[in-house]
Every structure is written in C-alpha cells, then in structure tokens.
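Visitor: Sequence:
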Amino acid sequence: MNLRAQLKEILPNCLPKSPAEAVKGTELIKVVKHKLSQKYSDATLRYHFSVMSCDPASPIAKVTQGQGYYLRGRQPARLVESQPPLLRSREANITLIASAEALRLRIFQAVFERCTGDENRFVFPLQHTEDRSRAHVWSVPDAVLVDWKAGELSDAGFLLKRELLTVLDRPFELTSVRLALEARPESTRELFFQTLSAGAWAHRSELVYAAPIADQGLADELRSLGDRYGVSVTSMGIERHKLDAWQSPMEIRDLGSREIENLQNDLQLRRICAPPPRPGPDPGGLVELRERAPEIAELFRWIHRCMADSRAYTYATVRQVG
Numbered sequence: 210m211n212l213r214a215q216l217k218e219i220l221p222n223c224l225p226k227s228p229a230e231a232v233k234g235t236e237l238i239k240v241v242k243h244k245l246s247q248k249y250s251d252a253t254l255r256y257h258f259s260v261m262s263c264d265p266a267s268p269i270a271k272v273t274q275g276q277g278y279y280l281r282g283r284q285p286a287r288l289v290e291s292q293p294p295l296l297r298s299r300e301a302n303i304t305l306i307a308s309a310e311a312l313r314l315r316i317f318q319a320v321f322e323r324c325t326g327d328e329n330r331f332v333f334p335l336q337h338t339e340d341r342s343r344a345h346v347w348s349v350p351d352a353v354l355v356d357w358k359a360g361e362l363s364d365a366g367f368l369l370k371r372e373l374l375t376v377l378d379r380p381f382e383l384t385s386v387r388l389a390l391e392a393r394p395e396s397t398r399e400l401f402f403q404t405l406s407a408g409a410w411a412h413r414s415e416l417v418y419a420a421p422i423a424d425q426g427l428a429d430e431l432r433s434l435g436d437r438y439g440v441s442v443t444s445m446g447i448e449r450h451k452l453d454a455w456q457s458p459m460e461i462r463d464l465g466s467r468e469i470e471n472l473q474n475d476l477q478l479r480r481i482c483a484p485p486p487r488p489g490p491d492p493g494g495l496v497e498l499r500e501r502a503p504e505i506a507e508l509f510r511w512i513h514r515c516m517a518d519s520r521a522y523t524y525a526t527v528r529q530v531g
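As numbered in my numbering, residues 210 to 531 make up the sequence shown, in order.
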C-alpha cells in the first residue's frame, strides 16, 4: 500500500474534527509516523499533507487562515453550487469562482506532472499553487524539470553513466516551470515576467498554459517576449471542459500507465518558443529559493540519490522508498 493510501486510512483517527482545534503539521507528523508500515521523511509527510488537503475527497483539510490541519467534514464540497445564484451573495459567488479556478489549476498541475516526464525528463512538483501569495508567484515556481544528459535508456530504466557524471560540466539541466490555465490579454505580461523572475536561478524558465492559445496576437507577443528574455512558452492544448471532467487531482495521480498514455495522446502540445538554456544554476538564487520554499531541499536530495545510484528515478519512486 502506497503512502497516500495509508494516510487516507490513518488520518481520520488522528485529526481533530474542528478547525478551531487544528493540529500543526509538525505535531501531526509525530502522531502519524509510528502508524505507517515503513519510514518516511518529515518532508515527504509534510508534502503529502499539503497535497491531500487540497483534494475535496481526502480526509485532511487545512485551515484557511493560519496553520494547522483538521478532519474534513462530510458535507459535499460543491454544496454552494446547488444554491440558486440569486440567493448567494456577491462575495460567495466570487469565492466560488476562485475555488473552481484553484481546483482547475491543481488538476492541471497533476496532468502536467503525469504527462510531462519521458525517458530522461523528470518532474519535481512544488505544492503552493493553492495559495499563490504575491511573493510566491514572483519567487517560487510550480514545478522543476530535471533533464538528465549523462545516461541512456535501458530495460532497467534511465541509467546514468558514472564517467559522464564526473566529466560533463552539466550532467543535468533544471527548468523552472510556471503553470497557468489560459493566456489572457490582461495577464499575459505579468505571468510571463513572474515566470522569468521565479526561474532566474535555473538553466531554463518555462511558462506552460493548459488551454490552447487561439489568439495569434497573444502567441506572437509571447514568442517575442520568450525569444528576448530566454523563456520557453508551451500550450498543452487542454480545453477547460476536459479539466472540469476530473473531480480531483488525486484521480489523475492514481491513473495507471495505460490511462496516462491515453491522456498524453489526447493533448495538443504547441511549443510557442524554446530559447537556448542559460549557464546556471545560480547558487545565490538557489539559496534564496530554499529560504522561500524549504521543500526545494528535497529536489537536491533526489538528484543526489540518482547520481549516487547511477540511475534516474522518478521523484515519486524516491519519495515512496524514503
């Protein structure tokens, strides 16, 4: 049984029922650790708490203000949608719309994670999309891609060659990724420069849209900006109704390989621009990123594990074995 499945069974007996009694992540880790079938790092458990708290179908919920987790109630997450629009306040409508957009974004992030990796490209997710503060969007990406340059695909997976790891100046490249649902004229430039700012430390920066970019003027503007500032821009060609067909990110993360292959075949990828990589990574920028997103330390532990074993594991594999 994987960690997520274990937590779904364990957490209902560990969480307080009231948000007023919410337990902090550090304390919850202490309670949960000895109930698991194997050892997991604190960072791995904290990551799972954060991801699962964004899923309406999971037992764990996070307080809206402050810190702490509590047991999610049995009330349907979309109950407010059943109320007639005239009976809802303007504030409630705004909140509902924002919640729906946040859910779509988390679903898109799950699609990106499952559909982006290939034989030598691996995804490291950063789980802050549910709470994009103004500081975060300018300094922390939504994901990091690791492209290994020092290996080859085999029946045992993507194996790294030790002699190349020591000889090559750059045995891997890091791409900082910003995710967005669709390209809109009023937000195009802001999203672009957020992508540039949050990924200045990496070899590459990439802005990835879920929806097709139908407006050729916007596509031309993004191409011009990308070529000028060295930022890649991609559309995955996913229509909004297809994102809405999914109930939660967990559904996508739990899909089997055949189902993921079908999902990949359904994408309409379009690369708007792909400038060459920068020298990077920038050590100073990485230190600053780690201060803002402590989980980035897991990225480099993962890379180190791959290099030590001469094998490029997926992050999910390393996370499960601890």
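Quick caveat, the hints were computed from the structure, so don't treat them as lab data.
Among the hints, a few may not be true.
Using 27 Å as the maximum straight-line C-alpha spacing, the simulated DSS-like pairs for lysine-lysine come out as follows [stated by the list, open to error]:
| hint | residue 1 | residue 2 |
| --- | --- | --- |
| 1 | Lys239 | Lys271 |
| 2 | Lys248 | Lys271 |
| 3 | Lys217 | Lys248 |
| 4 | Lys271 | Lys233 |
| 5 | Lys370 | Lys358 |
| 6 | Lys239 | Lys217 |
| 7 | Lys248 | Lys233 |
| 8 | Lys226 | Lys239 |
Per label pair, the in silico range of CB-to-CB distance [stated by the list, open to error]:
| hint | residue 1 | residue 2 | range |
| --- | --- | --- | --- |
| 9 | Val272 | Arg379 | 39 to 47 Å |
| 10 | Arg499 | Ser519 | 20 to 28 Å |
| 11 | Gly465 | Asp436 | 21 to 29 Å |
| 12 | Gln456 | Ala525 | 16 to 24 Å |
| 13 | Lys358 | Ser433 | 36 to 44 Å |
On a predicted model such as this, the values are computed, not experimentally measured, just so you know.
We put the CB at the ideal spot given by N, CA and C, even for glycine.
Visitor: Taking 27 Å as the top limit, are the C-alpha atoms of Lys226 and Lys239 close enough?
Guide: holds (18 Å)
Visitor: If you draw a straight line from the CA of Lys239 to the CA of Lys217, is it 27 Å or shorter?
Guide: Given pair Lys239, Lys217 holds - Cα atoms ~16 Å apart, limit 27 Å.
Visitor: Take a look at whether the Cβ-Cβ distance between Arg499 and Ser519 falls inside 20 to 28 Å.
Guide: holds (26 Å)
Visitor: Is the straight-line distance between the alpha-carbon of Lys248 and that of Lys271 27 Å or less?
Guide: Distance ~24 Å between Lys248 and Lys271 Cα, so the pair holds.
Visitor: Check the hint pairing Lys248 with Lys233 against an upper bound of 27 Å on the C-alpha distance.
Guide: Holds, at about 20 Å.
Visitor: Between Lys271 and Lys233, does the CA-CA distance stay at or below 27 Å?
Guide: Roughly 10 Å separates the two Cα atoms, so the pair holds.
Visitor: May I ask you to test the hint 21 to 29 Å on the CB atoms belonging to Gly465 and Asp436?
Guide: Since the Cβ atoms of Gly465 and Asp436 sit about 39 Å apart, the hinted range of 21 to 29 Å is violated.
Visitor: Evaluate the given range 39 to 47 Å for the C-beta pair formed by Val272 and Arg379.
Guide: 43 Å Cβ-Cβ, so the 39 to 47 Å window holds.
Visitor: Taking only the CA atoms, is the gap from Lys239 to Lys271 under or equal to 27 Å?
Guide: The given pair, whose Cα atoms are some 17 Å apart, holds under the 27 Å limit.
Visitor: Does the Cβ distance between Lys358 and Ser433 fall inside 36 to 44 Å?
Guide: Between Lys358 and Ser433, where Cβ atoms are some 29 Å apart, the hint is violated.
Visitor: Within 27 Å, alpha carbon to alpha carbon, are Lys370 and Lys358?
Guide: holds (10 Å)
Visitor: Is the straight-line distance between the alpha-carbon of Lys217 and that of Lys248 27 Å or less?
Guide: Cα-Cα ~17 Å, so holds.
Hints 11 and 13 from the list above are not met by this structure, while the remaining hints are.
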